[in-house]
Amino acid sequence: MSVPDSAAPNLQGRDLRAEDKRVEEIIGTLLRTGVILAAAVVLIGGVFYLARYGSSPAHYGIFLGEPGDLSHVLAILRGALELHPRGMIQLGILLLIATPVARVIFTVFAFAHERDWTYVVITLIVLALLLYSLGAWHL
Amino acid sequence: MNTIELTLLVFLGSIAAGFLGSLTGLGGGVVIVPLLTLAFHVDIRYAIGASLVSVIATSSGAAAAYVREGYSNIRVGMFLEIATTIGAITGALVAVHLPLRVIAIIFGLVLLYSAYISYRPPTEELHAEKTGRYAALLRMDSSYPTADGFKDYHVQGVPLGFGIMYIAGVLSGILGIGSGAVKVLAMDRAMHLPFKVSTTTSNFMIGVTAAASAGVYLNRGYIDPGLAMPVMLGVLLGSLAGTFVLAKARVPMLRTVFSFVIAALAVEMIVNGLSGRFSH
Numbered sequence: 001m002s003v004p005d006s007a008a009p010n011l012q013g014r015d016l017r018a019e020d021k022r023v024e025e026i027i028g029t030l031l032r033t034g035v036i037l038a039a040a041v042v043l044i045g046g047v048f049y050l051a052r053y054g055s056s057p058a059h060y061g062i063f064l065g066e067p068g069d070l071s072h073v074l075a076i077l078r079g080a081l082e083l084h085p086r087g088m089i090q091l092g093i094l095l096l097i098a099t100p101v102a103r104v105i106f107t108v109f110a111f112a113h114e115r116d117w118t119y120v121v122i123t124l125i126v127l128a129l130l131l132y133s134l135g136a137w138h139l
Numbered sequence: 140m141n142t143i144e145l146t147l148l149v150f151l152g153s154i155a156a157g158f159l160g161s162l163t164g165l166g167g168g169v170v171i172v173p174l175l176t177l178a179f180h181v182d183i184r185y186a187i188g189a190s191l192v193s194v195i196a197t198s199s200g201a202a203a204a205y206v207r208e209g210y211s212n213i214r215v216g217m218f219l220e221i222a223t224t225i226g227a228i229t230g231a232l233v234a235v236h237l238p239l240r241v242i243a244i245i246f247g248l249v250l251l252y253s254a255y256i257s258y259r260p261p262t263e264e265l266h267a268e269k270t271g272r273y274a275a276l277l278r279m280d281s282s283y284p285t286a287d288g289f290k291d292y293h294v295q296g297v298p299l300g301f302g303i304m305y306i307a308g309v310l311s312g313i314l315g316i317g318s319g320a321v322k323v324l325a326m327d328r329a330m331h332l333p334f335k336v337s338t339t340t341s342n343f344m345i346g347v348t349a350a351a352s353a354g355v356y357l358n359r360g361y362i363d364p365g366l367a368m369p370v371m372l373g374v375l376l377g378s379l380a381g382t383f384v385l386a387k388a389r390v391p392m393l394r395t396v397f398s399f400v401i402a403a404l405a406v407e408m409i410v411n412g413l414s415g416r417f418s419h
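Those protein sequences? They're chains F and Y, same order as listed. Just so you know, the first sequence maps onto residues 1 to 139 in this note's numbering. Just so you know, the second sequence maps onto residues 140 to 419 in this note's numbering.
Same shape as in the complex, but just chain Y:
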């Protein structure tokens, strides 16, 4: 296959990945790495580099829309970005020394978890009765727009949230994904932020986390321009299309189907990792 054919196929595949990622809320990165490695036999390091680029593009694009609506909590996001960027740099540096099959297996496991998160029925929103000690110190309490005006909320569990965010950063650095599912876990389960606030703040943070990983990958020579080009442009287009579809219709059926697609990709990554197809 010559470069122009492969570029075109990767571009089309990336449109599909961006569309899927946007509909499930998992982000394009989760599908890009399995797509590139399993379908196009791209080396997993190049795949992760290209995926990171697409993650920055989609999260910045989406954050631009969300941030204006006043949901995201910039203080919470900024503070937790210390944890995610340190994590991302650690992850990206560790990834260089990890055997490729181990990366593939970790990827599969995270993918399975993501599929489960997007498949299961929404959990109940937790509300903090009062402000936690560190949240008070860092003035994290805020309010968010609801149908009946701005509603105040309290924040708690900052140390636990910070710890989980570090792990989210490490995973992002090793796997080239946004780790949105783990970030949301830290914010709505540990810190009791309202759903709307945690998902938009998470999206807001993903760009910074991925930029930290991407910096390390770029310096290591893991980002190939010829591959990153169709991936970035395709995922951007696909997720834009996904946003339009989401705005027009609720898609629980599609979400369920896609969760199974992602679970299948996860199993294939793990099987390929175990059988050693990734190590050469």
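So here's chain F without its partners, still in its complex pose:
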């Protein structure tokens, strides 16, 4: 069967679109899962938090800054594992921050799969910046 010449570029375009579509659907699922998971962890931590500290006075008008065990990635993980309520909420927040990071990591693989090396490099730069902001250089 012969395919008319004019149909060839269209066909190729559609294949690429199907590929993009698949990538987009995975990204959509990834983002939604991340947000739901993070919200669930924050909610559970929140219930414990209010059960323990609910009747103590609130103090957000005075800025003290959070202690190290609530501001560094590894320390937050440790606190959450020990079931400290504030540590659990902070773990949920960390999961939320990790959601766009996971999306970027996935995009690196998607571009690599398409052999689009320019964009693999571009995406890796964004990833490095994100890890830098999260304090990966001084963990």
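No lab work stands behind these hints, which were simulated from the structure alone. Among the hints, erroneous ones may be present.
Unchecked claim - Listed next, with one range per pair, are the computed distances between beta-carbon atoms:
(1) Y:L148 <-> F:L131: 30 to 38 Å
(2) Y:A204 <-> F:L131: 23 to 31 Å
(3) F:A112 <-> Y:D287: 20 to 28 Å
(4) F:D116 <-> Y:V233: 31 to 39 Å
(5) Y:R259 <-> F:G68: 42 to 50 Å
For clarity, every value in this text was computed on a predicted model and none was experimentally measured. From the three backbone atoms N, C-alpha and C, an ideal C-beta is built for every residue, glycine too.
On the provided structure of chain F, position chain Y as indicated by the hints.
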């Protein structure tokens, strides 16, 4: 006021903020900081930290829906995220050294601009006749779904767009907002992307930009779990409700009302900043 009462009030306020942010398309962050600082007298640094968390939540939630419809341009988004993340990190590091009143005043000005953007009638869509030099190099041209099938579009103005995106990132890092209004400006005015593409790509980028700022704020100890918890959950619920309302009805009247609410908040932030209420 004890913790449980304050948490409940902040939660309800955050629902309203998320609802407002979703209806105006400005995002919850724009309303959260004025709400927390002006109504609940929260220190502006804690307010910005909590706001950033809610911005990541809503933008990721919304992006999850948009990305499936095939509007967002992942290449454009990814490339410009270099500018917004560098900007966000710069902004977050600079914010630590800025006097609080200066942050409040910048916030007010950005809020005024946002109110204006959401109030004014939609501008005409710009179309690029041909692909710009850098856009060609980076293969940014794409297509998007319309009523009559996929339509191709060209991209131009990449260096200018990149520059504006850096500023959007800096503002996001200093103020704890998504800077959606500035991002859209870069994409539909400078780079001539179709509206649908620029708004969805902007939303897509906001999560990454806010995550970069949030990382710095978290490490600095500016994100308080007790405060971030009701803000994040409230804004998520509120913006979800907003999305349902938007899907059911067009709300030009509501948008106008909310634009004025936001403008009023902006003026109050600036006045409070000038009178030094934020510096202690």
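Evaluated hints:
Between L148 (chain Y) and L131 (chain F) the C-beta distance comes to about 36 Å, which sits within the given range of 30 to 38 Å. For A204 (chain Y) paired with L131 (chain F), a C-beta distance near 27 Å keeps the hint of 23 to 31 Å intact. For A112 (chain F) and D287 (chain Y), the Cβ-Cβ distance of about 35 Å falls outside the hinted range of 20 to 28 Å, so the restraint is violated. Separation of D116 (chain F) from V233 (chain Y) is about 34 Å and conforms to the stated range, judged on CB atoms against 31 to 39 Å.
Under the hint 42 to 50 Å, the C-beta atoms of R259 (chain Y) and G68 (chain F), about 47 Å apart, fit the expected range.
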